[in-house]
Amino acid sequence: MSLIIKNIALHFLSKKEETGEVILRLGPENTNFSEENVKITNFVDGLHAIYNAKGSKAYGSFSSMPSEGDSARFIDLMESYLTEQQNFYAFSTQAGNVLKNEIDKYDIEETGYFVLCHYEYMGGRYLFVAVIPVSEHYSVDGELNISAAQHLDTTKLQLAARIDLFDYKDNAHGNRYISFVKGRAGRKVSDFFLDFLGCEEGLNAKEQTQTLVQAVEDYVAVNQLDASEKQKTRKDLLNYCKEQKASSQDVSLQEVGKVIESAGSKQDFYQFCQTQSYPIEESFPHEQAVVNKITKYSGYGNGISLSFERSHFGEDVVYNPHNDSLTIYKVPPNLKEQLMALLEGENTTSGESD
1 MSLIIKNIAL HFLSKKEETG EVILRLGPEN TNFSEENVKI TNFVDGLHAI YNAKGSKAYG
61 SFSSMPSEGD SARFIDLMES YLTEQQNFYA FSTQAGNVLK NEIDKYDIEE TGYFVLCHYE
121 YMGGRYLFVA VIPVSEHYSV DGELNISAAQ HLDTTKLQLA ARIDLFDYKD NAHGNRYISF
181 VKGRAGRKVS DFFLDFLGCE EGLNAKEQTQ TLVQAVEDYV AVNQLDASEK QKTRKDLLNY
241 CKEQKASSQD VSLQEVGKVI ESAGSKQDFY QFCQTQSYPI EESFPHEQAV VNKITKYSGY
301 GNGISLSFER SHFGEDVVYN PHNDSLTIYK VPPNLKEQLM ALLEGENTTS GESD
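Residue 74 in the UniProt record's numbering sits at position 74 of the sequence shown, with consecutive numbering throughout.
Just so you know, these hints were derived from the structure itself, not from any lab. In this text, a Cβ means the ideal position worked out from N, Cα and C, and glycines have one as well. Be a bit skeptical, because a hint or two may be false.
[Said to hold, decoys possible] Derived DEER-like restraints, expressed as beta-carbon distance ranges:
hint : residue 1 : residue 2 : range
1    : Pro332    : Ala227    : 19 to 29 angstroms
2    : Glu120    : Gln276    : 31 to 41 angstroms
3    : Ala72     : Ser277    : 41 to 51 angstroms
4    : Pro333    : Ala221    : 47 to 57 angstroms
[Claimed, not checked] With a straight-line Cα cutoff of 25 angstroms, these simulated DSS-like cross-link-like pairs (lysine-lysine) come out:
hint : residue 1 : residue 2
5    : Lys242    : Lys54
6    : Lys6      : Lys16
7    : Lys182    : Lys156
8    : Lys242    : Lys156
Make a model of the complete structure from these sequences and hints.
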């Protein structure tokens with residue numbers, strides 16, 4: 001396993017029902033934490049995988065604004081740990097209190113385990129910060145007695161951020177060394193979690209990805225590629241982006257230029273982007289959902305869900321804008337079987353009624 005834990009701390013945040021007071025219960029100080037501790041390593045490895053799989057992430061950096069009053073800033077506490085002015089556990093408890101104060105300030109019902117972890121993965125060094133919600137589960141023993149217990153519900157991870165410590169050190173004035181899960185139903189994460197971190201949103205991954213997709217479409221049009229070459233170029237981009245997402249790597253314009261090389265084109269994709277002056281970074285974290293649309297059309301509404309490869313449009317799938325109708329030729333075999341069974345059922349019912 002390539003994930004190496006340097007330090008980890010776990011504390012618990014709860015609210016008193018009677019008074020609404022937020023309570024921070026500190027976890028043990030893991031002074032003798034060992035990299036050989038399989039359970040903890042598996043736990044962090046799972047969090048790392050869940051976080052990477054989150055599709056809607058945003059990127060930003062620490063705000064340069066001073067803290068309000070005498071309250072400590074997360075960045076200052078983190079710096080004191082990174083420069084070895086205090087140990088990790090002291091850093092985690094102070095950060096936990098800052099988070100507690102933010103929850104108090106917003107008067108929200110936010111409880112769960114506050115986890116802070118410093119780890120290394122594939123040559124990168126990260127600081128992971130999250131509040132993991134708690135859920136109840138039930139069990140039954142041999143005597144059919146039901147008991148309830150609580151567990152960390154990592155599948156509902158929403159309040160989470162990760163700081164790329166190498167990028168933070170090398171590009172302190174950058175706008176993307178912090179990534180965080182972007183929003184959730186009913187409330188934006190920035191309401192208090194980003195205030196706790198002192199983070200402000202910077203690079204917009206969705207806009208960058210949309211610009212990349214548009215640049216590729218412009219590139220295949222300018223070079224007058226035929227239909228099969230266009231589809232191959234789109235699929236090559238899709239596969240490259242999937243590989244980058246799987247390994248948590250940024251998309252690189254130079255690498256994209258190598259991946260979608262087209263024979264006979266006057267200039268490669270990277271040169272094309274430079275010539276056209278697209279507002280796009282040399283490399284950036286992308287949103288896979290945006291890239292997926294380059295090869296597929298899909299939609300849902302009024303009980304109908306439809307998805308098809310872009311190459312079928314105009315041939316096997318024809319849209320008539322005048323009467324807002326869609327005609328599908330070469331119906332997929334499994335769908336055809338269901339439709340035939342439906343027709344036979346209707347005919348049988350009709351015969352019985354006669």
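Cross-check of the supplied hints:
1. Pro332 to Ala227: 19 to 29 angstroms: holds, 21 angstroms
2. Glu120 to Gln276: 31 to 41 angstroms: Because 39 angstroms falls inside the window, the suggested range holds.
3. Ala72 to Ser277: 41 to 51 angstroms: holds, 43 angstroms
4. Pro333 to Ala221: 47 to 57 angstroms: violated, 35 angstroms
5. Lys242 to Lys54: holds, 14 angstroms
6. Lys6 to Lys16: Not satisfied, since the Cα-Cα distance of roughly 34 angstroms exceeds 25 angstroms.
7. Lys182 to Lys156: Roughly 13 angstroms between the alpha carbons, so the hint for Lys182 and Lys156 holds.
8. Lys242 to Lys156: holds, 24 angstroms
Violated hints for the displayed structure, listed by number in ascending order: 4 and 6.
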